[in-house]
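Based on the hints, put chain L in the right spot on chain G.
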Amino acid sequence: MNGQLGSRFEEGLVHLYKNNGYNIVLDINSGSVHVVDDLVYDIVEALDQGQEKETVIERLSSMYGRQEVQDGYAECESLIADGQLFSKDIYEDAIGVYTKKEPVVKALCLHVAHACNLSCRYCFAEEGEYHGQRAVMSAEVGRRALDFLVENSGSRRNLEVDFFGGEPLMDWDVVKEVVAYGRSLEREKEKRFRFTLTTNGVLLDEEKMDLADREMSNVVLSLDGRPKVHDKMRPFPNGAGSYGLVLPKFLEFAKRRGDKDHYVRGTFTRHNLDFSKDVLHMADLGFKHISMEPVVAPETEDHALRLEDLPAVCEQYDILAREMIRREREGRGFQFFHFMIDLSGGPCVYKRLSGCGSGTEYLAVTPWGDLYPCHQFVGEEKFRMGTVFDGIKRPDVRELFLACNVYTKPACRKCFARFYCSGGCAANSYNFHKDMEQVYEIGCVLERKRVECAIMIKAALACD
Amino acid sequence: MKHIKTLNTVKLQNTVKKGGCGECQTSCQSACKTSCTVGNQTCEHK
Chain G
1 MNGQLGSRFE EGLVHLYKNN GYNIVLDINS GSVHVVDDLV YDIVEALDQG QEKETVIERL
61 SSMYGRQEVQ DGYAECESLI ADGQLFSKDI YEDAIGVYTK KEPVVKALCL HVAHACNLSC
121 RYCFAEEGEY HGQRAVMSAE VGRRALDFLV ENSGSRRNLE VDFFGGEPLM DWDVVKEVVA
181 YGRSLEREKE KRFRFTLTTN GVLLDEEKMD LADREMSNVV LSLDGRPKVH DKMRPFPNGA
241 GSYGLVLPKF LEFAKRRGDK DHYVRGTFTR HNLDFSKDVL HMADLGFKHI SMEPVVAPET
301 EDHALRLEDL PAVCEQYDIL AREMIRRERE GRGFQFFHFM IDLSGGPCVY KRLSGCGSGT
361 EYLAVTPWGD LYPCHQFVGE EKFRMGTVFD GIKRPDVREL FLACNVYTKP ACRKCFARFY
421 CSGGCAANSY NFHKDMEQVY EIGCVLERKR VECAIMIKAA LACD
Chain L
465 MKHIKTLNTV KLQNTVKKGG CGECQTSCQS ACKTSCTVGN QTCEHK
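Protein sequence lines correspond, in order, to chains G and L.
For what it's worth, the working numbering labels the leading residue of the first sequence as 1, then goes sequentially.
For what it's worth, the working numbering labels the leading residue of the second sequence as 465, then goes sequentially.
It is worth saying that the hints were derived from the structure and are not from the lab.
Predicted model, so just to flag it, every value in this text is computed and none were measured.
Do not take every clue at face value.
[Unchecked claim] Computed list of lysine-lysine pairs in BS3-like fashion (alpha-carbon distance at most 25 Å, straight line):
(1) Lys-101(G) / Lys-176(G)
(2) Lys-288(G) / Lys-208(G)
(3) Lys-88(G) / Lys-482(L)
(4) Lys-469(L) / Lys-18(G)
(5) Lys-481(L) / Lys-100(G)
(6) Lys-277(G) / Lys-255(G)
(7) Lys-482(L) / Lys-18(G)
(8) Lys-100(G) / Lys-466(L)
(9) Lys-191(G) / Lys-260(G)
(10) Lys-18(G) / Lys-481(L)
(11) Lys-481(L) / Lys-88(G)
(12) Lys-260(G) / Lys-232(G)
(13) Lys-482(L) / Lys-53(G)
(14) Lys-382(G) / Lys-393(G)
Chain G extracted, bound-state conformation (with noise of 0.2 Å):
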């Protein structure tokens, strides 16, 4: 079904953008993505524009022909005649089938520790504690919590557990005991556990590696980047800086891990603006699977992103894209966990409209055993869901969730990005708008930019 009213199509049902000498096309409702020449760059934009066809070929024939104008033509006549450009959104009717399905929780974000060795300046969970009291889980409250996921998870057969904080290696004995657990309710009940790790780093070492490789699906490294930057922003509560004991234990558990999931994550703040040499610092130090994600935090801090900034935030993400570009054909490529994209599979739809899932298939758990929609919500009272010892209380708070989807956000109908990031992150919207059909912004501007890269990114080497 194409998007055609008449003899015109309707707009906005494709982005078209230029990076890197490419010219790229994205029918956004199908994910097609399309690298195509000038002549057909123009027609598509024209008829994006809702002009008529023959209107375009007239005007367009006097620069590039008329013969290659028709030939243009008919070639994009066939993508829409295929479903592949102009393609209309048919998933709206599809949300209700994805929000009345029976409520499962498939994922759950175990805090087992709210207290840190470290003192993160841009901490969402203020150095672990998330406005409450330090705190570690207790083995009762980890088992009762698989518990819970066990018998609220109905058919699904995989569950996920990450182990959060504050920084869980303060709480060791608690997370062996849980995997323990965890793997001795796998064969009795029909479930499979992929256990992740979130660490700064600090306490690992050989007996926790060794955990870490066998025990767990993926193992997030805290790590920002060039000494400075990560000493600057990731300190010790005495202010002495981290990078130089956690990068001796990375770069020995990235050793072993080869191939398995791991990523070493970094965040940057509008101190290094210049994030894409922290990245490639990384790269250089031999880490294949590099995250770095902007900062979160309100405007008040001075390591705050700024609107101001977004022009040379997207300009490092142009750089590290075209880097990667650079050293994949070199033989010496890395993954950039937000420049991952599978155009040849990837996500369904339901998964694309139902997003993270925060609030109700994934919940964050305290080291109490409340439950809340996610990580970035503990300690909000009036979204405390329950406990894992109750059960849900609040159903109005899943609810609240369920409902909120790219339909339910005016930003997002309009956005071409909507179906990468689902209508973005439910806390982030919360924290700056206390209304979550809001958007953040900021998180919005780079999204797209780092859409537009990783295709650009797809099409450089498709086209090699």
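Using the frame of chain G, we list chain L on its own:
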């Protein structure tokens, strides 16, 4: 095609009927935690 190179052959429309099993990874369990990055997740049945 002479003027157009299409990078993918799978259309999102085709996943309406087959998708929705829910077995895939929850995106925040990967490496973001402060944004929402769904487009780079992998389908469990790919």
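So, going through the hints one by one against the coordinates:
no.	hint	in the structure
1	Lys-101(G) / Lys-176(G)	violated, 34 Å
2	Lys-288(G) / Lys-208(G)	holds, 21 Å
3	Lys-88(G) / Lys-482(L)	holds, 19 Å
4	Lys-469(L) / Lys-18(G)	holds, 15 Å
5	Lys-481(L) / Lys-100(G)	holds, 16 Å
6	Lys-277(G) / Lys-255(G)	holds, 22 Å
7	Lys-482(L) / Lys-18(G)	violated, 34 Å
8	Lys-100(G) / Lys-466(L)	violated, 46 Å
9	Lys-191(G) / Lys-260(G)	holds, 21 Å
10	Lys-18(G) / Lys-481(L)	violated, 34 Å
11	Lys-481(L) / Lys-88(G)	holds, 16 Å
12	Lys-260(G) / Lys-232(G)	violated, 30 Å
13	Lys-482(L) / Lys-53(G)	violated, 35 Å
14	Lys-382(G) / Lys-393(G)	holds, 12 Å
When each numbered hint is compared with the structure, violations occur for hints 1, 7, 8, 10, 12 and 13.
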